[in-house]
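Engineer: Here is what each chain is made of, one letter per residue.
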Amino acid sequence: MKNDKKIEHHLSEDLLMRYSNGTLCEAFSLAVATHISMCDDCRAALESYEAVGGALLDTTDPEEMGDESFESVMALIESQPVQTEQVSEVVASDVPSALSDYIGGSLQDVKWRPIGLGVKQSLLKTSGNSTARLLYIPAGTAVPHHSHNGNELTLVLKGAFEDEVARFGPGDVEMADEDLDHQPVAVEGEDCICLAVTDAPLKFQTFIHKLVQPFLKI
Amino acid sequence: MLRLFDDIENPYSPSAKSSASLAEQVVGMGPKILEENNSQNWEQLLVLVSETNDRIAFRRLFNHFAPRIKSFLMKAGADQTMAEECSQEAMATVWNKAKLFDPNRASASTWIFTIARNKRIDAIRKVRRPEPDELTWPDEIEPAQEEALELKQQSEILADAIKNLPEKQRQLVEKAFFKELSHSEIALETGLPLGTIKSRIRLALERLRHAMG
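Each protein sequence line maps, in turn, to chains P and S. 1 is the number of the first residue of the first sequence in our numbering; add one for each residue after it. 219 is the number of the first residue of the second sequence in our numbering; add one for each residue after it.
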């Protein structure tokens, strides 16, 4: 799924790095995978982090494998049924498959629960301490005041919202922490649907992303 | 090193019993593939596995990557037993998914890293990892040869830059990437003062930037 309009607000380097090394929790991974499905820039950035992982794997000190280890792998391969070409069933959806897996189809299939002033939400089931939810904000409406004591990531799926920071359209990501006091308002003309992910108090590390910045221009 | 591994390490040595028949299996790949530790051939070996289920090619990939996947998993927090088991499973996945490897999209080590990373998530962290939609090329559009070549060159420059870091810096970068450590945790682990670590990382970054031009 690609956008016609240019995505202006991207994933943080830190999120991309942690998604690439497998340390990001499920809820944030969901947002990252959904955004990357919409954004070639971030897909390229992710692939360069994976290249760093590959280069590090290539150069790391090896740990000796056990006796008969290779034979065990061959036995494992032979014990597995021959894989036939799997054509996974593609469910038609207006959102990337990473997200449609969680909502069981399209945005129109979402079971919304009102949370006040016309705003609705739908919690998505993810493991861990972070929470993923869809927010439905009618055009021209402000999100009821909410506080987050950790990080909050908001990814616009449809429509757009504005806050003190900027305007965010489809595919755009806003990262907020506890210091940001903002009140997003859905812009007039179209109702806005977002994927919002919040974490338990958890500090992202931020230094490693600088490592790969030189490679992001690849 | 076990005797067993000596044989495995060098399947093409004159002393290897069935070397003639083995060499026949890779006929057409040229002599380069027979050289030991020629990391530029991992992609070709993967393609051999994919196209002809070549066990000798797979064994060479195993000899290089399995101990490194094990090392990665142990650095990510797995114990010896689990790391051994998971790296075996990861190598089985390499065999099973070799057909999906596209040398135009990634180097062999990058592709294998993503398999090891997914194994870490499934088996050790036991969480689900949503995946981005696959980018699919329309059948008639083949990625340009020079793009593949450029990708390969960039990957090699990156790998060389990391290889050529002073050992302490390389280890630090590796810790930060493999283990999810913060600055202060690295300081605790290495016993190094924080300021030294920061400047080492900065130095490492500058070297990498320089190497990448």
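Do not take every clue at face value.
[What the hints assert, rightly or not] Cβ pair distances, simulated, as ranges: (1) S:D378 - P:A139: 50 to 58 Å; (2) S:N271 - P:E68: 15 to 23 Å; (3) S:R323 - P:A75: 52 to 60 Å; (4) S:Q372 - P:K125: 34 to 42 Å; (5) S:V345 - P:H182: 37 to 45 Å; (6) S:L318 - P:G104: 25 to 33 Å; (7) P:P138 - S:E407: 28 to 36 Å; (8) S:Q372 - P:G104: 18 to 26 Å; (9) P:G104 - S:V345: 36 to 44 Å.
The hints are simulated quantities; they were obtained by calculation from the structure and are not laboratory data. C-beta: ideal position from N, C-alpha, C; glycine also.
Engineer: Need the list of violated hint numbers for this structure, in ascending order.
Structural biologist: Violated hints (numbers, rising): 3, 5, 7, 8 and 9; every other hint is consistent with the structure.
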